[in-house]
Amino acid sequence: MAVIRVVDLSKRFGSFWALRDASFAIHPGEILGLIGPNGSGKTTLFRCLAGITPATSGSVSTDGRAVAAPDRKRMLYFVPDGIRPWPDQSVDWMLRFIAGLHGAPDQARVGVIESLGLSHLVGARLGNLSKGEHRRAMLAAGLLTPQPLLMLDEPFDGLDLRQTRDVMAVLRAHAANGRTLFLSIHQLGDAARVCDRLVLLSDGRVVGEGALPDLRSKAHLAGDDAGLEEVFLALT
Amino acid sequence: MPSRSRVLRWLLEKELRELAASRSYWLLLLVVGALVGHAFITSVNLYAEASGIGGGPSALSQGLSPLEGLVVPTLGAYDLAATLLFPFVVIRLIANEKQTGALSLMLQAPASIYTIVAIKGVALVVAWAVAGLIGAVALAVWSGLGGHLYGPETWTVVLGHVLRGVLTIGVSSAAAALAASAASAAIVALTITLGTWALDYVAAARGGAIASIAVYTPSAALRVFEHGELRVATALILLVLGGGGLMIAATWLREGEPLERRALRLGGVLAGVVVLCVSLAQIRASVDVSEDRRNSLPRADEAALRRIDKPLHVTVYLAAEDPRLTDLERGVLSKLRRTMREVEVTYAASSRSGLFERPGDHYGEVWYELGGKREMSRSTTEPIVLETIYALAGQHPPTPVDERPYPGYPLAARPTYAPLIFFGIWPACILVLWWVVRRPRVRRLQSSRA
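Going down the list, the protein sequences come from chains F and P.
Following the numbering used here, the numbering of the first sequence begins with 17 at its first residue and continues without gaps.
Following the numbering used here, the numbering of the second sequence begins with 726 at its first residue and continues without gaps.
Bound conformation, chain F alone (with noise of 0.2 angstroms):
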């Protein structure tokens, strides 16, 4: 996968701007990270980049071609946060489905189940599940599918803190195998420890991109010791 690139994106719901001229890269292979208060436009961003919802304006490209909003589903897929599909059918029927329609093989969808913990889970129906358990199924889901570019919405929320790190692990593994994840984070501690890179949102706007380190600088935090709270706190 090229690098992705996303140029003055906005979105205007009536007056308000819930993103305005949000510009940044995704680089193969990297866990990039999406963080912002309550509100920011994170969520937005995530649903204009899918093509889920219209875009006012801007554009996302890849090896210098726009990419425009009905082509993008063959190269990121998104999990989006909240969502309770297909309440009356099974863990294993959902992930046969998902793996089935976007072709991923038997033992991957297998080595999925395995590796979040859902084994026992697989008869179960998705309406009975847990916020933890439902998040793992669905973060199954979109595991996979086949885009080179996963985007998921607050992928630990309702997870506990074993949970947490046994998915960034198998999130970690992904991105090893070629994978780009773009990630939307509440938890700034979660957002530190499993990000290459991350993009800070604040008010719609993008107020900050790349590493921890180049973070810093840009928030004039002098040495080593600010942690990212310290930045978010310094450019939001």
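Keep in mind that the hints were calculated from the coordinates and are not lab data.
Quick caveat, the model's predicted, so the values are computed rather than measured.
Treat each hint with caution, since some may be false.
Reference excerpt, derived from the structure (chain F facing chain P, CB under 7 angstroms, subset only) [claimed, not checked]:
1) I68
2) K89
3) Y93
4) R100
5) W102
No farther apart than 30 angstroms at their CA atoms in a straight line, the calculated lysine-lysine pairs in the DSSO-like style are these [to be verified]:
6) F:K147 to P:K823
7) F:K147 to F:K89
8) P:K823 to F:K89
We put the beta carbon where it would ideally sit given N, CA and C, even for glycine.
Based on the hints, put chain P in the right spot on chain F.
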């Protein structure tokens, strides 16, 4: 990426699974069983009484037609189901995906939203066909009792109900896509149904242009098939309306498109549907599939009338609520339209009831104009009207051909075991199937190739 056929198979499986998981669908199956059963048992008993089972005088056998005595009332239960139950099944299939967020995943599937919605349509037709099983059981029981069924007319009624289901699928899908929630969609779908009832009522009272639109309301369109007539325009228009509803749903569910562009596309689809329907309404082809040829003139008259190549213009001074107009319309004009090359009818009465027409208003007169000659008749009966037309055409009435009269099919039999089938076995089967589909399944994780 998987092949297109594989993608379609997965999509169809998903929709069928979602239908099987829907309580509203199982409820529909249960209620349809009871409705069909009640209608069937009542019809067979009435038919038996008319055939003289109780020892009383039997009706003339020629008047005992299984089409109107059994097939139409029994399968009529599906009209009720298509109006009041099936819309909820359709709405759930689309609105649920919007509400649970599954739509955002489906919009990223390797298939267009038009394909996804079309597959939903196919799954719903399958669901409607499964609901039709109990109707087939009723007809089988009737045959088992020794009752007569004439294939072409029975299949035409079945086709009418299939198309009625397709129309419900289209209208309810569009409502589910356009409305914000399932509840709002249900209100929209029922409002459209009430609107068509109102249109039927107004058309019956006023006639004229409204009446020509009202022939395509669900109830009126179904009546054509129930009358043993396979009218090509009606069948195609119902299909276009059903397909148009699905197109509207798919167009509106393209959430990645700006609202203005979706609205523009929606307008295009609506305009296309209207143009197509108006064009299809011009098709006059129709087949009388009834065994007693109730929609046709005698064969000799048909041959003679087909030889008249001049257009017939009829001016009717009868109000829409006047029963004589109904007689004239059903008994003569509809048959003439099916037979002659060109029949143009003008409804010239100025009032709705005809009770207070002035003497100079020609009320009650029917004027026939052919080849520049005019003739007036007050009769609404077939032989007299035909005589008038032959006189205008300068032809002698044809010599009647000996046609085999409709024999009628009396059946003095009680449906003894029918209550057990419809109120015992069918609901038990539905409940067992529901339990089998819904029971929790704990499967060990395994590769499907293993």
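Hint-by-hint comparison with the structure:
no.	hint	in the structure
1	I68	holds (5 angstroms)
2	K89	holds (5 angstroms)
3	Y93	holds (6 angstroms)
4	R100	holds (5 angstroms)
5	W102	holds (6 angstroms)
6	F:K147 to P:K823	holds (20 angstroms)
7	F:K147 to F:K89	holds (27 angstroms)
8	P:K823 to F:K89	holds (19 angstroms)
Consistency with the previously given hints is maintained throughout, with no hint failing.
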